[in-house]
Structure formats: structure tokens, C-alpha cells
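Colleague: Here is how the chains run, residue by residue.
Protein chains: 4
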Amino acid sequence: MRVGVLTGGGDCPGLNAVIRAIVRKGVQEYGYEFTGFRDGWHGPLEGDTVPLDIPAVRGILPRGGTILGSSRTNPLKAENGVRRVKDNLAKYEVDALIAIGGEDTLGVATALSDEYGVPCVGVPKTIDNDLAATDYTFGFDTAVNIATEAIDRLHTTAESHMRVLVVEVMGRHAGWIALHSGLAGGANAILIPEQRFDLDQVCAWVESRFKIRYAPIVVVAEGAMPKDGDMVLKDQTLDSFGHVRLSGVGEWLAKEIERRTGKEARTTVLGHVQRGGTPSAFDRWLATRFGLHAIDAVRDQDWGKMVALRGTEIVRVPLRDATTQLKTVDPRLYTEAGVFFG
Amino acid sequence: MRVGVLTGGGDCPGLNAVIRAIVRKGVQEYGYEFTGFRDGWHGPLEGDTVPLDIPAVRGILPRGGTILGSSRTNPLKAENGVRRVKDNLAKYEVDALIAIGGEDTLGVATALSDEYGVPCVGVPKTIDNDLAATDYTFGFDTAVNIATEAIDRLHTTAESHMRVLVVEVMGRHAGWIALHSGLAGGANAILIPEQRFDLDQVCAWVESRFKIRYAPIVVVAEGAMPKDGDMVLKDQTLDSFGHVRLSGVGEWLAKEIERRTGKEARTTVLGHVQRGGTPSAFDRWLATRFGLHAIDAVRDQDWGKMVALRGTEIVRVPLRDATTQLKTVDPRLYTEAGVFFG
Amino acid sequence: MRVGVLTGGGDCPGLNAVIRAIVRKGVQEYGYEFTGFRDGWHGPLEGDTVPLDIPAVRGILPRGGTILGSSRTNPLKAENGVRRVKDNLAKYEVDALIAIGGEDTLGVATALSDEYGVPCVGVPKTIDNDLAATDYTFGFDTAVNIATEAIDRLHTTAESHMRVLVVEVMGRHAGWIALHSGLAGGANAILIPEQRFDLDQVCAWVESRFKIRYAPIVVVAEGAMPKDGDMVLKDQTLDSFGHVRLSGVGEWLAKEIERRTGKEARTTVLGHVQRGGTPSAFDRWLATRFGLHAIDAVRDQDWGKMVALRGTEIVRVPLRDATTQLKTVDPRLYTEAGVFFG
Amino acid sequence: MRVGVLTGGGDCPGLNAVIRAIVRKGVQEYGYEFTGFRDGWHGPLEGDTVPLDIPAVRGILPRGGTILGSSRTNPLKAENGVRRVKDNLAKYEVDALIAIGGEDTLGVATALSDEYGVPCVGVPKTIDNDLAATDYTFGFDTAVNIATEAIDRLHTTAESHMRVLVVEVMGRHAGWIALHSGLAGGANAILIPEQRFDLDQVCAWVESRFKIRYAPIVVVAEGAMPKDGDMVLKDQTLDSFGHVRLSGVGEWLAKEIERRTGKEARTTVLGHVQRGGTPSAFDRWLATRFGLHAIDAVRDQDWGKMVALRGTEIVRVPLRDATTQLKTVDPRLYTEAGVFFG
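Residue numbers (our numbering), protein chains in the order written: chain A, 21 to 362; chain B, 21 to 362; chain C, 21 to 362; chain D, 21 to 362.
A couple of the hints might just be wrong.
If chains are identical, the list can't say which one is meant, so a pair holds when it fits in one copy or spans any two.
Cross-link-like lysine-lysine pairs, in silico, DSS-like; alpha carbons within 30 Å at most [to be verified]: (1) 275 <-> 97; (2) 283 <-> 347; (3) 247 <-> 97; (4) 231 <-> 275; (5) 97 <-> 231; (6) 111 <-> 231; (7) 106 <-> 347; (8) 97 <-> 283.
It is worth saying that the hints were derived from the structure and are not from the lab.
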């Protein structure tokens, strides 16, 4: 048996841990051989491969990024894409494919598996933690730790200068990173894409903090938006999914808070540092277990499935279900967090 | 309503986050007042209290330890212990008690609640993660992160000198910290209390690592024990629970490995650094949510219950069930990890 | 003897360590009393004070920011500023003043000491490390560590996506943070305010990196500027010192690199996270020693002096000399670093 | 020109950064070729080499340990050692040798250079920072950061349980790590090899801390010793230098403090975690600069010299002077730190 492996979409701490676990168990326990496809679906589409064996995965557990490279290439949108993928799998004698990626990457795996008979197994990856079928995805815990450490640091600057500090974290469609890091970092307001925020309310929280001689931290997900009327339309852009979004909600928010409350406000946009570097212990553990269970699914020829975390167990779910539903922040959780606002 | 709060047993990152969440929600949403009892059950037993209000919990979220202090005092073993506790609760007009602690501390809460009618709610705390009723306890993730970072560091020393490095981590009765940090740190052997280890097998793993010109890391839980015959009896001591245990299994193991394989071996005992200092983001989040749900249980007068994590939900379970069952490492999980040994 | 203490300018990890050392040694060894002035020179100007004794400095060693608060208030520019300061010192019976701050804060101390006979001692503080009289200032090492850790993280994202990552770090007039973190982080180009950069050269470095299948990291100080002609004038603004500077050189650079090389480029602006949070061990050590030596200077009535680091020794230098000369990056050092570019 | 490079003695964060800088500058600017000798002086003695070129040093900057391996082999003590080294240098056509190491490794380089005409340049390495000729050695800052972080963590455990925590850090002959991490971590006593400690004094410090309801941290260098009479002789051993030393001064101290003060005391021995893993930004910077200047010394044929840090400058000093004098903690520095004891 020869198994192909690819990683697609944005990079995420833990990808290498998944790859290592797949290869270690596949070679040692099942005697499989592996082919690495380079840069996501670009690899099978163009026949771009790298050797993938035990020496290739040595020492990669603690490293961020992916040794296989990544891209957003979609073979379903390429001319004769499915045929070229199938031809290349045949050419490299690849009997099964493990695709590690998010909504887009796994969407392709779903189609190839369900509609075109390509034997695929999926491993979910989204740093935003917004996939419905799994309790957590790897990379998320690392991102939350990095954002929390940044918020810890910003508190002292806020206090020393009695300024508002706005921290923009990742999260276009779901506010998980904002919610978790905001709670862990002791933020005085958390703004998420799931609930349009009321600028007057935000300013009220800010001012109540100053009244007790403390300085507020506002954590805002990049996809958060104010209620109608608060936003100047020309600041809006369309993102790659065609949704309207603010360009730089953090900057905009700091300016508005400053204008309305008269308090100095500053923004920090954490950006790419949230998704790079060595994974947290939790993410290494989760990614490793995902890898071990993905290769078990291959052994079981359980095609069209994705591994997922439920409680402390790794389970398999249909790829089709997994990739069609966004997991957004439950309003009850957001309300629960509200006790710390202001 | 006046609510008493105490923390018992070994300290654990996240205790302060629980206390803060209880007080913030209790005061702001329910209008409760609070009394802090000092040093676990010593507080209600001796009437030793500290003020506990919103200013008292400011800034404590990121801090390790507990502002209330801790001890292993057991009022059930003290003369007239139950009576003295009840008298002190009456004296301080405390209507309900939230006990944050492990097996022992919550065992007292169970007895007081079930047998003596003291209105108690429990919050589980064990850095070893060995409580059956909850998926995770706070503090565990921090400990695993610290141990993993230490293992990361030790790899480079092992490689540079081609030595065996034995890392002894916490875990008297359960090997969760060893298993998680060993997997996350890429250890070449993980030894846990749940399964007596075979020294010949450990030495075989060690030697197979040297054969490919790499140096091995062995992670051993403090409560791990070799199979019969491997251990010199005079090295054994009885722990406080009356169980036989090795004093310093890490040191012993390094000496034995050195003697049998002829390779230099060194031990690092991580000790107390694993349980101190600022909690990880996950532990702050979990501890905060435990606190919020504990005060909700008080509001619901749901006595004799403990908050627990199930998947991503906080639930309530009977204190009695929670404190009587140790959660040990599932043999399947340990077998799963074995692919990385050697 | 009663000694006043104030902290001015931007906050910086280590300020609290200085304050603590001053108070501990002043009280314990010399029997002094202390008055804390709030928010830099605002404190003596307006008579705004806080108690400053041993309990007040407990536990502050590892904390970022300043318990005294800070501001950029300049009493020399306030109406009757000098008189009001002198009146308040008399009112609070303050016999000597220790000013902890940068060019501006210490400039005031110099004038008060040299021209108006106010007994002042200075402690240098600049996160940018750009004060000529001292080898290092506290806060700088922390900032460099934070920036280096961010660069470490960004490498994996750059490699996974074969993108250029531009990291904008602090440094308006001097490139010390860029130089040190760029070297420590293995950057492929480092751009500093002391030397206008050649965009063609930067693009050449970027492209040479891609040629060997690696992705480049470009570290740019916020005050770095391209050579004439490379910059669109309307992007320029005047900073508070009246100098022309780019607003957002990092963003601008990424766009230009993308336009010229056709490679995807992204920017991360580290911003305030570089100056907040717990100080590194080096900064705690340096700040503590600065504090101990500052109170010794008070005891010696050695007014108009500033403590400074020379090698491993703390020395005293005239405040006047210290605050008039910017320490910029030596061209030889920059050339030395050039071996790693490209 | 072909240059040999070796690393000897205990591993130390920054070794790889030195190697990388030597090779990058040597190849790119001077057109040199390199031979890596494996495991310190074992390499030239036995003719054990590894390829050393630009691809070999890629990605090693942030990694601890040494890609060349290390050992304590001393060719001066081997039969025909000098001749074998010279023969192997001739065999591999190595024209010059850069030795990176401590007292022992550089002592060999001194003899080879001064007495046997082997063209050698030295780079100092000692994690203990105890070499007289240089202000700092790389690795030291990393060790101090790790020890300080551990002390930070232990504070919260000490406070929560009102226990004495003894932290044993590295430093056989010099107390630099103890002094710096103790000061940076806010220890209540620091014990160093340079000054025999008085156990009564230590207990007095411990008790004064409890009197104000705080718990003490005692930092002790592994080579620290009590005054005569305090120590049971059978606990003593001879170290490899023939000096009497305590085996486990930390454990011994905790027991004695417990016995004398009646307070619970615990020990943490940091051990090898202090010397492994990724170097701090300062150490990467210093190590990189040492490497750049070492290859410059080779180009200048300035044999028998060692690079060293003086203030912020890298200078060259005679190897002979550098390796014969231990840099111990100046008593004035130790006295200065004493203000924080108790």
C-alpha cells in the first residue's frame, strides 16, 4: 500500500506532527510506503512530489509550518482537474490519499471521494477552530496561547499610560480565538463576528474601567463588525468569500473609541505570529493523535471519513458532514463571558 | 446570601482564576457576598478568614498559586471537627461553601454535604488530571506544557553528548502528565504508574535509538515502577497513602540503564516547577468557566454537586461519584503511544 | 532624608525593578523615606503623589509597566513650571529626586539640577537602547527577545507558503532592536533608520532567497526609510520631533516588494507587545542594579548624575552629557551583519 | 584555505550559532572551505569528520546543542596525541583550526598553538560565565532566563503552602547563574561557591520572611558549601577536579533548614534543562558575533588568540591568558545583592 499525504490552506502549528504520526505508524505498524504531495492539491494536480519516509519526518514534531508546503490550489476548478489528479495518483502508484486541511482542502477530498471514487481520508485543520464536527482543531490552542501572552504584556502598557489597548486577533467568521484569549487574558471587552457590536456599549465598558483607575483592553476578532450606521461604508471591502468585512477593524475601533471617549487608544494587530512557530503541548498531542487515527482509517479502508475530537476520544465522521457546517460561538458562551466586560 | 470559598491540597495553576470568576459573577450578577477561608479546611475549622470581594480578586487571573492559601487539614479527623466547621459557618453567617480541591478536599465536602447537611459545591483540582468525572482538570495543561518545554530542551543536550536523559515528571497514581508530555516532547520511552515497566524493554528502546545515531529521552512518572525483581527493596518507601513507591525512580532508572547498556545516563527531576507560575490559556479558560458554573450551582442550591468538563461543556456531577474513582491512563492510549518508543 | 521617585516617557519592562531596588536599599540601608510622584513630571508639577514604601514595592519585580504611572508632561513648558515643582518638593518635604526616563524626562532633570539647583539623580530608560552614555538600557533585551520569538514563529509561515514576511519592529531613530532581533532571528534583510535602504537591493536579497527554495524574512525598524525616489511623498508624515517619516514602512515595503518581485508579501507590525510584560532576566538584573546605584548616588549627594552600564560595571556619568547624544548603530556593525542578508 | 571547526566540553545554547556564523562568513566573504571535526578533540585525534558547508548550517541558529557533537577527549593525554592530531589535520588538508569550548578544550588549543605550531583560534564557551577574559559567554543568558522563570514559578507554590523552596542551579566554581537568577527572580537568599555560607544566617533569612507572612526562596549554586562544622563529611565527594564538593547541596540544605526552623522545605534541582534548548536572543547575538570575529582572526592568521566580549565590542585576547584564570563573583557584587536577602 502506498499512501499520499498533502497539506492545504493556511499553515497551522501541528501540521508536521500529523505528518510524522501518519508516517511513523504507517511504516512501522502497517508496512506502508508514502508519497508526499507538495503544496496542497497542487501536488496531485501537477504531479509534484517529495520523498516521505521515516528520516524525512525526524525532528519535525516541534516545528511549525509544514514540510510538504501548502497552497490554495483547487483541482475542481482546474481544467481536467479530477482527471489529472487521478492520473498522477496512478502514475505514482498511490492507493489512498490523506488530505490535511480546512473547509476548502477537505471539500475537494469530499468531492473526490464521494463523487469520483478516489480513496480519501481527511484530517481537519483550522486555526480558527470553526469546524463543526470536532471539539477542537490543532493550532487553535497555540494561537490562543500566543494571543493571551500578548494581552498579558499589553495590560502593563495600558495601565502605565492609562490608555485603551485594542488587540485584533484572528477569526474571520468565528470568534473562538477572541473569546478564549480574551477570557484568558482578562480583557474588558471581547468582540466577535457572530454578534455585531454596539459602539456605545463598547465605549461604556471602556469608561467604566477608567472610573476605577484601570485601563481597558478590548479584544476584537478580525471579522467583528459594528451595528449598522457605525461604520463608514468606504472602509468596507469584500473578502475572498464575497462577504463584506472591515479592513482593519482594530484600527477603526481605536479611532472611534478615542473620538467618542476622549481617551488615548492604540491598536495591536497580532497577525501571522498567531499561526507560526512551535505548537503547544496540547496541539502536538492532538495533531499526533489525529495522524495516528488517520492512518488507521486508511488501514480500515474507511474512505470519505475525517478524524475528529469528541471529549478525549478520537472518532471518525463523514467528510461530507464535516466540511459543510461552520462552528460559531454559542451565544450562551458569549453571554457567560460578559460578566467580565467593563 | 454569603458564600464561603476555600482551596485545599497541592497548589495548581488556575486556582486564582476560579476564585476570581466565582466572586465576579457572584457579586455582579447575584449580589452575593463572600468570605474567604484560609488554608483549605483549616479555615472553616479554626475560623480563619480573609476578606473576599472584587478588589481582592483584581489582577489574580494570570497568577499561579492561591490567594486563599492551602493545606491538607481534614476536619473529619479533627476533634469535634464537623461541629467546629458548622459553628464557624454560622459565626461568619456563611450560607454555602464552595470547596476547590482534589480527592481529599472534595471528600470532606462530600461528607459535609451528604451526611451533615452543609450546603457545599465542589470544583475539581488535580494537576495529575486523575479525576474520573471530568475530561480535564485545570493545571494539567500548564504542567504538560512546562514538562514538554523541558523535554524539548533536553533533546539537544542528549544529542550533543549521545547520552540517555531520563526526565521524571509528576504523577503518583496516574501517568497523564508523562503520557502527554512524552508524546508532545517526542520521548523515546514513556513509563507510567498504570503499567509496571520491563527494564530490558526500556534498555532495548534506548539501544535502538543509539543505533541510528540519536540519543534517547525517557519520560518517567514519579509513580512508575519496574516489574518484580528489577528493584532493590531497600530503595522503596511508603508514601502517605501507604503504597509502596520508589524514592526517586528517575535516578534509579538512569543508574540501571547506565549499568546495563554502558551508555551515560542523566536524570532531571522537574518537581515543583510543574505546578507553579502563570496558568496556560487553556487552564485559565477552564478554571474561569468552572468558577462561573460553580456559583451558578450555588444560585440553584444544587448542593453536593461538582462542576466538570465534558467535551466543551461544563456539567454538574454528584460530588460522591466524582471523588471515589481515579481516572488512570487507558491501556489503549498507552499502546497507541508505543509506536514512538525506541 | 526623603527621596522622590518618578518614571516618565514610554513604559518599559524593568521600571518596577528600578523602583523596588531604590526603595529596598534606601529604606533598609540608609533609613530614607520615599514619596512616589505619579505620571512622570506631572507628579511634582501638580503635587500628585502616591505612598512609596517597602510594602508598596512587594511583588513588583517581575511586572512590566510602572506602579508610578507615566506621562510626557514637561514642567519646563508649563507656566511657572519650575516654581511649581520646587514648591511641591518643599510641600512634600522631598530632599532629592530620582527621575527614571529617557531623553525628555532626563532632559528636565538635567535642567532642574544644573540650572535650578534641584538635587536630581537620573536613571536612563529607553527601550530603543539609543542613549550614548550607557552600553545597554533595560527593556531593550526584553524587546529583542519578544521580536526574536516573533521572527522564529514567522519563519515557518514564510516557508510553508513561500511568502515574503516583513516584520516591523520599534526604533524611530536607531536600529538596535531591528539589528539584534534580525540577527538573532536569522532575518534575510535588516533595515535601520541609520542607513536609507535601496529597494532594488532588498528585492535582490528577497529573490536570492527564493532561488534556493527558502522564503525570506525582512526586519525593518519603524524609522527606516528608502533612498530618494523610492517613496511616494503623500505617504510621509511628520513625527513629533518634526522629522519626516513613513507612516507604516512595513506595509509600504511589503506592497513594493510584492509589486516588484511578484512574490506574495505580508507584514506584521509588532507594536506595543514589544514594550510590555515581564522583563527578561537580564533586564531585571540591569534595572535592579541601576536602582541600587541610583540610591547610592543620592546618599553621596552626587547630583546631576546618571547611572550607566559600562561592560559589567555600573558607573555614574553627568546627566548633561548623557541626554544630548543619540547612540545610533555603528556602520561597522551593520556591515558585519550583512553577511547574513540574501 | 581549509578550516577545521570543533566544539568541546558540555553543550551550551549558542554553539550552533557560532558554527553557522563561521561558515557563512568564511565561505561567502573569504572563499574558505570547512571540515567539521566530530565530538571535540576526539575528531582531530581519530580523524572523525563531518561535512561542513552552507547547507549544513541552515536552520541551526535557533537550535541548542551542537551539530558537531562534543566530548571531553584530551589529545594531550592520549598516546602520541599531538602527532595524531597533526597527522589528521594534514590528511584532511586543514590549514587552521577553530576550537569552541571551555577551559579544557581551549587549554588544548593553547598548547597546540603555542607549543606545537598548530594554527588555532579559540571561541570561549562556558555556561557558568566563569572565564576571566570575557565580560560574558554565550549560553549564560539562556541559563539565567530558564532559572529565573523557574524561580518565578516556584514563588507561587512557596506562598500557597508557606514552604521554603530551595532551588539548586548550575555553578561549580562560580556563582554567576545563582547570583543573576536569584536577583532576577527575587530570591530571599543566594548562596554561591565563592563564599561559604553560614547556615544560621540562612535560617535567619528564612524566618524573617515568614514573619511578614511570605514564603522564602533560597537559590543555591551546586558548588556552594557551608562553613566548617555544618556539613556531614560522609556527604562529601571529590569532583573530577579533585575538589571536595557536596553531593546535592540543595537537598542537604532543605533538610537542614527544615530541621532547624521547623518549616517545611522542598528542593528543585534544575539540572540539564538550564543548558539545553533554543538560545536567548542575547546568546544568539553574542555567539554569532563570536563566530564572525573568529573567522576574521583566521583570515588575519592571528593564531593563539581567543575572541572575547568587552562592553559591546568583540576583541581578541591571547588564548594562554584566557584559559588560566577563573572569573569568580566579585565580593562587592555579592554584598550589593545582600539587600534583598531575608
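Colleague: Of all the hints given earlier, name the ones this structure violates by number, lowest first.
Modeller: Checked against the structure, the hints that fail are numbers 2, 3, 7, while the rest are satisfied.
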